[in-house]
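Colleague: Spelled out from the first residue to the last, the chains are:
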Amino acid sequence: MATQHSRTAARFMISPAVIVLLGWMLIPLGMTIYFSFLFYNLLQPGQESFAGWMNYRFFLTDPSFLDAIQNTLLLVGGVLVITSVGGILLALLLDQPIWGQGIVRILVIAPFFVMPTVSALVWKNMFMNPVNGLFAFFAKNLGFQPIDFFAHVPLASIIGIVSWQWLPFATLILLTAVQSLDSEQLEAAEMDGAGALNRFFYIILPHLARAITVVILIQTIFLLSIFAEILVTTNGGPGTATTNLTFLVYIQSLLQFDVGGGSAGGVIAIILANIVAIFLMRMIGKNLDI
Amino acid sequence: MGRITLNQVTKSFGDVNVIPPLDLEIDEGEFVVFVGPSGCGKSTLLRLIAGLEDVTSGRIDIDGQDATALPPAKRQLAMVFQSYALYPHMSVRKNIAFPLKMAKMDKAEIDRRVGNAAKVLNLSDYIDRRPGQLSGGQRQRVAIGRAIVREPAAFLFDEPLSNLDAALRVGMRLEISELHNRLKTTMVYVTHDQVEAMTMADKIVVLNAGVIEQVGSPLELYRSPRNTFVAGFIGSPKMNLFGEAEAAKHNAATMGVRPEHIQVSAESGDWKGTVGVAEHLGSDTFFHVHDTGLADDPITVRAGGEVSLHNGDTVYLTPEADKVHRFDADGARIA
Chain C
1 MATQHSRTAA RFMISPAVIV LLGWMLIPLG MTIYFSFLFY NLLQPGQESF
51 AGWMNYRFFL TDPSFLDAIQ NTLLLVGGVL VITSVGGILL ALLLDQPIWG
101 QGIVRILVIA PFFVMPTVSA LVWKNMFMNP VNGLFAFFAK NLGFQPIDFF
151 AHVPLASIIG IVSWQWLPFA TLILLTAVQS LDSEQLEAAE MDGAGALNRF
201 FYIILPHLAR AITVVILIQT IFLLSIFAEI LVTTNGGPGT ATTNLTFLVY
251 IQSLLQFDVG GGSAGGVIAI ILANIVAIFL MRMIGKNLDI
Chain U
1001 MGRITLNQVT KSFGDVNVIP PLDLEIDEGE FVVFVGPSGC GKSTLLRLIA
1051 GLEDVTSGRI DIDGQDATAL PPAKRQLAMV FQSYALYPHM SVRKNIAFPL
1101 KMAKMDKAEI DRRVGNAAKV LNLSDYIDRR PGQLSGGQRQ RVAIGRAIVR
1151 EPAAFLFDEP LSNLDAALRV GMRLEISELH NRLKTTMVYV THDQVEAMTM
1201 ADKIVVLNAG VIEQVGSPLE LYRSPRNTFV AGFIGSPKMN LFGEAEAAKH
1251 NAATMGVRPE HIQVSAESGD WKGTVGVAEH LGSDTFFHVH DTGLADDPIT
1301 VRAGGEVSLH NGDTVYLTPE ADKVHRFDAD GARIA
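These protein sequence lines map, in sequence, to chains C and U.
The opening residue of the first sequence carries number 1 in my numbering; numbering runs sequentially from there.
The opening residue of the second sequence carries number 1001 in my numbering; numbering runs sequentially from there.
Quick caveat, the hints were computed from the structure, so don't treat them as lab data.
C-beta atoms are modelled at their ideal positions from N, C-alpha and C, and glycine is treated no differently.
Hints should not be assumed to be uniformly reliable.
Result set (SDA-like, lysine to any residue): computed pairs, CA atoms no more than 25 Å apart in a straight line [to be verified]:
1. U/K1074 with C/S183
2. U/K1104 with C/M115
3. U/K1094 with C/D182
4. U/K1184 with U/S1162
5. U/K1323 with U/H1180
6. U/K1107 with C/F200
7. U/K1094 with C/F200
8. U/K1104 with C/A196
9. U/K1094 with C/D148
10. U/K1074 with C/E48
11. U/K1074 with C/Y202
12. U/K1094 with C/Y202
13. U/K1104 with C/N198
14. U/K1107 with C/L181
15. U/K1249 with U/D1284
16. U/K1101 with C/G30
Going by beta-carbon spacing under 8 Å, a handful of chain U positions derived as facing chain C [unchecked claim]:
17. F1081
18. S1083
19. P1099
20. F1229
21. I1334
22. A1335
Distance ranges between label pairs, derived from CB positions [said to hold, decoys possible]:
23. C/A10 with U/A1103: 56 to 66 Å
24. C/M281 with U/D1165: 48 to 58 Å
25. U/S1124 with C/W24: 36 to 46 Å
26. C/M283 with U/L1070: 35 to 45 Å
27. U/K1101 with C/P97: 25 to 35 Å
Construct all of the structure, not just a fragment, from the sequences and the given hints.
Modeller: Have a look at this one:
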């Protein structure tokens, strides 16, 4: 790969892949930006006209917009905290030599294979339903008033469902990281007089830092665009209690048929996601190059 | 401080009995080396003393106190691992300070002790680097530093030099010996390299399949190995062992002569053979002599200095009569 000739050839040969990838990204992005500057309503087809910044102003001044941002951040933050803490604990637990280790590990990973819509419906109808649900059954047997999860704690319920889905991912990545820890280091720490808690905080946690970073970065990307779980459970409600940015864009473009407004929302979501990404990289990105 | 006694200690992993009942006494201030071939249980024995493995039965006393059930941290021992086991996310200073921090020592005292250790081990220039930025020898010294700041009752070394290159190994060997002379603390050292054992030890424990074959000073083992295993293991190049006719002349089942105790001559001698490979080291020359009729393997012979014998030459060998070792049919030494 050293000569001028081979370098030119290499560039030429990777160009199809690069062009496809660029097109894949740039064409939808370009069209979204283009639509965001149009009055484009599906109820009045063929009457598109240039709108200037109207769509953006309309979207940003929508009273649900601030709620949506807050909900998005709460959803992402809540799931991240639960999955990373829970993932670390589960990974440590699964790393212990136990009987039936293989089966237990597969069971723990199983939720990841369930489709989001399916798992959300299972949670909604079989666990959280205030009449037929399992939680209601336990509450009634213990003499408590069953909680109507989606009416009283809708966002927390969705955070719970999404955390259940993403916990296996975090566990899996953190488990491999735990397993890659040199056992002699732990033994050395033990000889040095570090108890179990000190070993965890001084040896295991720093060792996991990089894996935790990866978990947080990857999950953030997917969690910013949570949609299916909200659609099949609360439909963004009650009111705007579970409407996140993705869902707001959906309401705008497919329930109100306002493609222009929806596109403007999409562009705003992209910008906000990038701001979050920059903050994340600033905060934890330095872990990636130890 | 630093007296370790093992009494009828055994260790099994499942059905596999790694260490049959074993007694051993390690005196205060001694440098004891466990040596043996791979898989002989020497590392397991060290880990039993450290408390990283539980004994299956038997009793371990440290300083006269029963330590069999004590956790590693309470045994007042410090260990240097084969992989060094430094904490990669901590600087050298924090690595060395870690045991003191765990002992909740106050900051000023920690700084003083870490500073001293760094000075003793020539680490002052690297004190704020991470282990990843250090060479093998420097990492080794950090691992030793982490052990000495605790001022333990005894040091345990688990093949600490096996990851270093040959030149560095010789240097570190010297440093560890000097450290022992200065600190006068008990050291238990595991190695498969008999040169390390010979050069460093006050007392060598030769292990084979979990059994102690012989305990003694390096020269004791060299002069009077108790059986053929020790005879073949201690000394470099290894002792020539051969049986049958020649051994019978000396009333033994097996006889052994070290390469350095055989006289080489081009004209006359007891045994006749042909020179195979000749290794000229300058200070010494080692000949592999074939067709002696004594054994199937070639006999190794050492000649001092430069000797002009080459491949294919006929040589005559004469063992030094008082340096011949005799062993009976069970391999045990005949005095």
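Colleague: A separate judgement is required for each hint: does it hold in the structure or not?
Modeller: Verification of the hints:
A distance of roughly 20 Å separates the Cα atoms of U/K1074 and C/S183; the hinted pair therefore holds under the 25 Å criterion. Pair hint U/K1104 plus C/M115 does not hold up; C-alpha atoms about 51 Å apart against a cutoff of 25 Å. At most 25 Å may separate the alpha-carbon atoms for a hinted pair to count; U/K1094 and C/D182 meet this at roughly 19 Å. For a cut-off of 25 Å, the pair hint linking U/K1184 to U/S1162 stands: about 24 Å separates their Cα positions.
Among the hinted pairs, U/K1323 with U/H1180 is inconsistent with the structure: their alpha-carbon atoms are about 33 Å apart, more than 25 Å. Using a Cα cut-off of 25 Å, the hinted pair U/K1107 and C/F200 holds, with the two alpha carbons roughly 22 Å apart. Annotation: proposed proximity of U/K1094 to C/F200 holds, straight-line Cα distance about 16 Å (limit 25 Å). Simply put, U/K1104 and C/A196 have alpha-carbon atoms about 16 Å apart, close enough for the 25 Å limit, and the pair holds.
The straight-line distance between the Cα atoms of U/K1094 and C/D148 is roughly 52 Å, outside the 25 Å bound, and the hint therefore fails. Under the criterion of a C-alpha separation no larger than 25 Å, the hint pairing U/K1074 with C/E48 is inconsistent with the structure, at around 80 Å. For the hint pairing U/K1074 with C/Y202, the CA-to-CA distance comes to about 19 Å; that is within 25 Å, so the pair holds. Taking the CA atoms of U/K1094 and C/Y202, the gap is about 11 Å. The hint holds against a cut of 25 Å.
The hinted pair formed by U/K1104 and C/N198 meets the criterion: a straight-line CA distance of about 12 Å does not exceed 25 Å. At roughly 29 Å between alpha-carbon atoms, U/K1107 and C/L181 are farther apart than 25 Å, so this suggested pair is violated. About 30 Å separates the Cα atoms of U/K1249 and U/D1284, which puts this hinted pair outside 25 Å; it is violated. With a CA separation close to 58 Å, the supplied pair U/K1101 and C/G30 exceeds the 25 Å bound.
For U/F1081, the interface hint holds, since its Cβ comes within 8 Å of a Cβ in chain C; the closest pair sits about 5 Å apart. With its C-beta approaching chain C no nearer than about 5 Å, U/S1083 sits inside the 8 Å limit, and its interface hint holds. Interface restraint check: U/P1099 against chain C, minimum CB-CB distance 4 Å, threshold 8 Å, status holds. The criterion of a C-beta within 8 Å of any C-beta in chain C is not met by U/F1229, whose closest approach is roughly 30 Å, and the hint is violated.
For U/I1334, the suggested interface contact is broken, since its CB lies about 44 Å from the closest CB of chain C, more than 8 Å. Contact between U/A1335 and chain C, as hinted, is not supported at the beta carbon level, the nearest pair being about 43 Å apart and thus beyond 8 Å. Between C/A10 and U/A1103 the C-beta distance comes to about 58 Å, which sits within the given range of 56 to 66 Å. Distance hint for C/M281 and U/D1165: a CB-CB separation of about 40 Å, inconsistent with the stated range 48 to 58 Å.
Against the hinted window of 36 to 46 Å, the Cβ-Cβ separation of U/S1124 and C/W24 comes to about 56 Å, which falls outside the hint. With their beta carbons about 43 Å apart, C/M283 and U/L1070 fall inside the hinted range of 35 to 45 Å. The hinted window of 25 to 35 Å between U/K1101 and C/P97 holds, with their beta carbons roughly 30 Å apart.
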